[in-house]
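Hints given; two lone chains; assemble the complex.
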Amino acid sequence: MAYNVIEVRGAVKHFGETHAVDGVDLTVQAGELFGLIGHNGAGKTTLFKMMLGLLPVTRGEIYIDGQPVRGEAFRQVRRGIGYLPESLALYDNLSGLEVMLFFAKLKDADPRSCLPLLEKVGLANAARRRVRGYSKGMRQRLGFAQALLGSPRLLFLDEPTNGLDPQGIREFYQILRELREQGVTAILTSHILAEIQLRVDRLALMRTGKIQALGTVHSLREELNLPLDFQLTLQPGAEEALRQALANQPAASVQFNGTMAHVRCPRERKMTMLNALAALDSVVLDLHIKEPSLEDVFLGYSDATA
Amino acid sequence: MRTHIEFKQIGVIASKEFWDRIRNRWVLAVAVIFTVFALVIAYFGAAQQGTVGFRGMDVTIASLVSLVIYLVPLIALILGYDAIVGERERGSLELLLSMPITHFELLMGKFVGLAGALAFSTLAGFGLAGVLLSYQLGPTALYHYVGFMLSAILLGMAFLSIAVMVSVMASDRMRASGMAIGLWFFYVLVYDLLLLGILVLSQKRFSLSFFPVLLYLNPADIFRILNVFGFEEVRKLYGLATVLPATLASPWLLGSAMVMWIVAPLGIAVWRFK
Ligand SMILES: Nc1ncnc2c1ncn2[C@@H]1O[C@H](COP(=O)(O)OP(=O)(O)OP(=O)(O)O)[C@@H](O)[C@H]1O
Ligand SMILES: [Mg+2]
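So the protein lines, in turn, are chains E and B. Quick note: the first sequence uses our numbering, first residue 1, plus one each step. Quick note: the second sequence uses our numbering, first residue 1, plus one each step.
The hints are simulated quantities; they were obtained by calculation from the structure and are not laboratory data. All values reported here derive from a predicted model rather than from experimental measurement. Warning: the hint list may mix true and false statements.
[As the list claims (entries may be wrong)] Cut-off 20 Å, straight-line C-alpha distance, at most; resulting in silico cross-link-like pairs (EDC-like, lysine to aspartate or glutamate):
#	chain 1	residue 1	chain 2	residue 2
1	E	Lys270	E	Asp229
2	E	Lys136	B	Glu89
3	E	Lys105	B	Glu94
4	B	Lys8	E	Glu98
5	E	Lys105	B	Glu17
6	B	Lys274	B	Glu6
7	B	Lys8	E	Asp108
8	B	Lys16	B	Glu89
9	E	Lys105	B	Asp20
10	E	Lys120	E	Glu181
11	E	Lys136	E	Asp92
12	B	Lys8	E	Asp110
13	B	Lys16	E	Glu98
14	B	Lys16	E	Asp110
15	B	Lys16	E	Asp92
16	E	Lys105	B	Glu6
17	B	Lys16	E	Asp108
18	E	Lys270	E	Glu222
19	E	Lys120	E	Asp165
20	E	Lys210	E	Asp25
21	E	Lys290	E	Glu223
22	E	Lys136	E	Glu98
23	E	Lys270	E	Glu223
24	E	Lys270	E	Asp296
25	E	Lys136	B	Glu94
26	E	Lys120	E	Asp110
27	B	Lys8	E	Glu72
28	E	Lys105	B	Glu87
29	B	Lys274	E	Glu61
30	B	Lys274	E	Glu72
So here's chain B without its partners, still in its complex pose (with noise of 0.2 Å):
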């Protein structure tokens, strides 16, 4: 179907999605979320090494993003896998298809309007807890922070994308959770832990840069990535240096790998949505 785009019917259907998740409170439960997480990693994220207290924005952002590689995948799947499978399975998707609409405007609308929904709570979330903390942060520390909160909403847009993907495959919407949940625990707990048992095994045998692109493909690892190289202090912490050649670190090569992983699933998405 090559039938021109009507940005109107993607806005009808992004603002239901996202009014929706206002009006039943979603958006501001995840706010609370990140807000209070966010505080009490920055006061007592390092208590297990004898200190409590607020202890500088580097290493606080550093246990924020090991939070937020679980946290924030997690929801971005659960609020999308539904998208569409849930209103095929409920009947409702018919209607709406018979609306003078084309499957890709309301493709987009769905991600669009989940997409602000997650945003949102987002920058609500961290911002307040950056607010919040301000009063000790200088500007470069504010300056990570807010690359932080920019990455966090693009890690979300593109597991939101892979769930929006997911939803459009799955018959219903049991196998689409079911398959949510997997993707979360393959890309957040397996993948790392493959790559490591690769790079043990292998030893030496194939060479160290071949692997930084593997990273790549993980959308959580680029996200932390883009986080820990911004800092000194935390790349030692990670000893991540050696593994990750400068060239492949740069922020905007980083960025536009996570461009990506939001564009290609929904363009499978769309492809596939007939």
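Chain E with its partners taken away, still in its complex shape (with noise of 0.2 Å):
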């Protein structure tokens, strides 16, 4: 049974001048993994701080689990929520257990799921040691680790894989995948598209605090209507051959690089073009068909409006 977990309806925040929200309408749905996506500044922390009753809105209304956020009841909706913020400050005199320890008690989680989930973010060797001399990754481990306490069952993770290396990253997916198996709503930011496309159920992307896409990765890309890229290994000299072939297919276009050659051409004609460059089978050594990456989208919604 799908309800809406998140609901923001109407939201707006604004610093002054500077509209940091600009009338927000988003519900994420139970269960759902959710990113946001945005250039820089385009408001996706203050969305989050006003879904967390962090900051007060300018106008409009925010329920998590169908309650008002800031309101009474919202201690007890707290206790499910788990946060990881963007900039991550942790106490650098305690330990990282300490820390997290401390957490708990607030949050009246077992303090007994502490170890076990420092072992769980690959903090179990330096969980006795303080945090002054955790790196970056460790440190966003251990915020990771924190907002995990009390097994949420809301995420709001704030550009969660900064500072993680690869290894990292993969590994807090898969906790994401396993935690999304149980049912967790989570609602994730990040930057680096290239990961957070193959993993989200639905995106949005925000520009200037307002909305400009919503949808799963394929439906932005369609609406986009992005072209698909044809790359081409080609026989040396074979050149002249793809022009000729490409020559009764206006809408392509075609360009070379050493023996590589990118063909872009609309989507509804992608089997036009597999039928014209088949008939090249001789010259044609490999052949891939890219689809838009999210960042082909991200870029060209930002031209939409540039």
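If you want it as structure tokens, here you go:
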């Protein structure tokens, strides 16, 4: 049964002249893994803070688990929320384990869950070291472990993979996948679109305080109708043959790069293009069809508004 | 926000603050300062009058009062000015407030924890000095000394409360520390001079009965009066008896005023901390 864990209606946040969030409507359903992307200063973090009741809205309404944020019953809702802030600051004078124990007490979480959680994020060996001596990635891991205290049903993760090594990023998404299987809802931001596009169910693209596009990666791609990219490896000297084959494909464009060729064509001409290229099978050694990436989508939307 | 208060959350914050000060040896350092000063004053305080050695408790307390009036407010302000603004500036406040805790509970936790650390070092520091001097003390002297310690704790709480208020209102740590030092300067150094100035300038133009009330507007003065008016000998030393009528020198009234000085700034801090 899908219900809206997060419901944002017409949220607006002004900092003086700055319209950080400028009329956002957003719902995230139970069990969803939701991505929020957008350029620096788009308003992602501000929206997060409002959803957590850390910043008052200038206008609009926000409900988490059906409760208005900053309302009386919100304390109870908070017990089921895990939050990893963008600019994470933990207590340098404490050890990783002590930091965990402190937040566990505040959250009514089982103190015995602290060590296993540190183990889970790969900090087992550093648990008793002071946070002062932690590297950036280690701090981030500790922040994530902290967010997982008390088995939250809803996670707010603001740039969670910031500073993580490739191994760490993979482990992070592995944990997220496990949690999702248990029905945990998560909303996260990231600037690394390649990592987010394969993993989220839906995403929203924010631009100057507004949601510019919303949906699955697939549907965003469709909506923009970005061209497909055929990547060909040619035999030397086959450029002319390819040019001729494309002569009656008016919408296609081609670029050469050594023996590589990039052919772009509208999505709906995919099959005709394939046919045309199939006729060149003697000179085309290899062929890849590249779907536009989330990055292309992102940049596509940026160009559309520019 | 009319959510009910969860004392457990106050306790979690308070115990973190308290143990932080124990761990970084703040409590130890302050206690040692108090002990050393108390012993030095007890034995050498009268040196300028040509005698060295223990001079009796009342005179010792009088000297200690002068010292404590400078030292305790300063220590309390330094202890407290960072409480909120420090977390805000380092960025840990946000995560803290995302926890199931109210602003009120967080603020109270901070105050209680820091107050505990300050009270503990005051008791330990002057307490140890008291024990070392105890073979010289009669029961009344002991009574006065205990009263002195308790009032020193109250004085500390009052300035800690002011510090926490500063910590809530200041936009950054620099400003908070500036405000804290400024307040110390005002209450401990300037205020009495100001009163003296008023007294001298006004001559007898307004009645002296109005004047003692002004003493109540400074926790440092309340502390001084609390300790001074217990003892005949000291009262003469200060020549304050003429200024303060007996009704206004009641320890209960003074004590309540001190409590007000603890409650009021904290109340403002709670109100402003949103
Ligand atoms: N406390 C504040 N006071 C004034 N302006 C603010 C404040 N917080 C955010 N802003 C402004 O609001 C806008 C949105 O900022 P926000 O941090 O939400 O962006 P973001 O999408 O998280 O960016 P990034 O990708 O860099 O993290 C920016 O223009 C920022 O300058
Ligand atoms: Mg951000």
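Okay, which hints does this one fail, numbers in order?
Per hint list: zero violations.
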